[in-house]
Amino acid sequence: MEGQNMSYKRKSLQELNLNDDFLFGKVMNDISIVHEFLEYLLNMEIKEIEMVNTQEVISPQYGSRGVRLDVYVKDVYNNKYNIEIQNTDRGNIPTRMRFYQSAMDVQSLDKSEDYSNLGNDYIIFICPFDLFHKGYSRYDFEYICELNSLNLKLNDGIHKIVLNANGENKNVDKNISDFLNYLCSSNQETANNSCDFVQKIHRKVLEIKSNKELEVEFLSVQEKFYENFKDGKKEGREEGHDEFYKIMKYLKSGKSEEEILKIMGDDCKSVIEKAKTLL
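Each residue of the sequence shown is one higher than the one before, starting from 139 at the first, in the numbering used here.
A few of these clues could be false.
To be verified - Straight line, CA to CA, 16 Å or less: simulated EDC-like cross-link-like pairs of lysine to aspartate or glutamate: (1) K272 / D248; (2) K342 / D158; (3) K149 / D278; (4) K308 / D278.
Claimed, not checked - DEER-style ranges, computed between Cβ atoms: (5) L288 / L352: 49 to 59 Å; (6) K272 / R234: 31 to 41 Å; (7) E186 / G273: 50 to 60 Å; (8) N331 / D168: 19 to 29 Å; (9) S391 / Y215: 23 to 33 Å; (10) L357 / I169: 33 to 43 Å; (11) G392 / R206: 34 to 44 Å; (12) K185 / Y281: 19 to 29 Å; (13) S358 / S408: 42 to 52 Å; (14) P232 / N167: 24 to 34 Å; (15) S391 / R341: 47 to 57 Å; (16) Q245 / Q152: 28 to 38 Å; (17) L344 / D227: 26 to 36 Å.
Keep in mind that the hints were calculated from the coordinates and are not lab data. Just so you know, even glycine gets a beta-carbon here, dropped at the ideal spot from N, CA and C.
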């Protein structure tokens, strides 16, 4: 959480795990890895995909808010796939998924085209935490009728998936389970105990980490991030101060820690603990 005791530890390229945005983006530049990941995750054959772009910026219309996608690919049937790595819960993942999906649709359909040409959309968020606190490795969402007895799906082609790298209930196949284990522990030992798919990813990781040009690029990215961090530190302290007293107010009103986390987000846990000691 941004707030009082903020610090920023610089890392080397060699220290990164796959859940780091820089390393994840470079690995997912390999279209064959993206292709295999999608086929294992969705349990279906995908004939052919092409990279629209990694870190692609989509602006639905001039002057509107744009969105930068980590990985964005489409297949020959105009089905679109967006893969995001998300390391913190800022309380907006569901609405971000909604915005990303709508932006992809607007960008992909010409004004003269029929809506039936949209194809299916797959929005996939990979997290090293359990967004829904239910213990599962995978959560799938589609639109269904609220009259549950009908078992009626809207069938609008929209599929949203949230993966949890720390899931206790491994409701995924071995390839995806091994991938999630490797995500935050991207080392040789983990790779050795993993499936062929993860070993392929690990070879790519080693290739990236031994690339001197990419090391220089990463150092440049780190420097820019650090400068932005320093510029935002004062603002972050002020925001942290406001959040701290907001949490104090909630605790004094009798709200439980679980209720406060739902309102403020999971990254407030340490602040709640500190606030409790002052009551």
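Each hint, compared with the structure:
no. : hint                    : verdict
1   : K272 / D248             : violated, 40 Å
2   : K342 / D158             : holds, 15 Å
3   : K149 / D278             : violated, 34 Å
4   : K308 / D278             : holds, 14 Å
5   : L288 / L352: 49 to 59 Å : holds, 52 Å
6   : K272 / R234: 31 to 41 Å : violated, 20 Å
7   : E186 / G273: 50 to 60 Å : violated, 36 Å
8   : N331 / D168: 19 to 29 Å : holds, 22 Å
9   : S391 / Y215: 23 to 33 Å : violated, 53 Å
10  : L357 / I169: 33 to 43 Å : violated, 27 Å
11  : G392 / R206: 34 to 44 Å : holds, 41 Å
12  : K185 / Y281: 19 to 29 Å : holds, 26 Å
13  : S358 / S408: 42 to 52 Å : violated, 31 Å
14  : P232 / N167: 24 to 34 Å : holds, 28 Å
15  : S391 / R341: 47 to 57 Å : holds, 54 Å
16  : Q245 / Q152: 28 to 38 Å : holds, 37 Å
17  : L344 / D227: 26 to 36 Å : holds, 30 Å
Taken one by one, the earlier hints fail for this structure at numbers 1, 3, 6, 7, 9, 10, 13, listed in ascending order.
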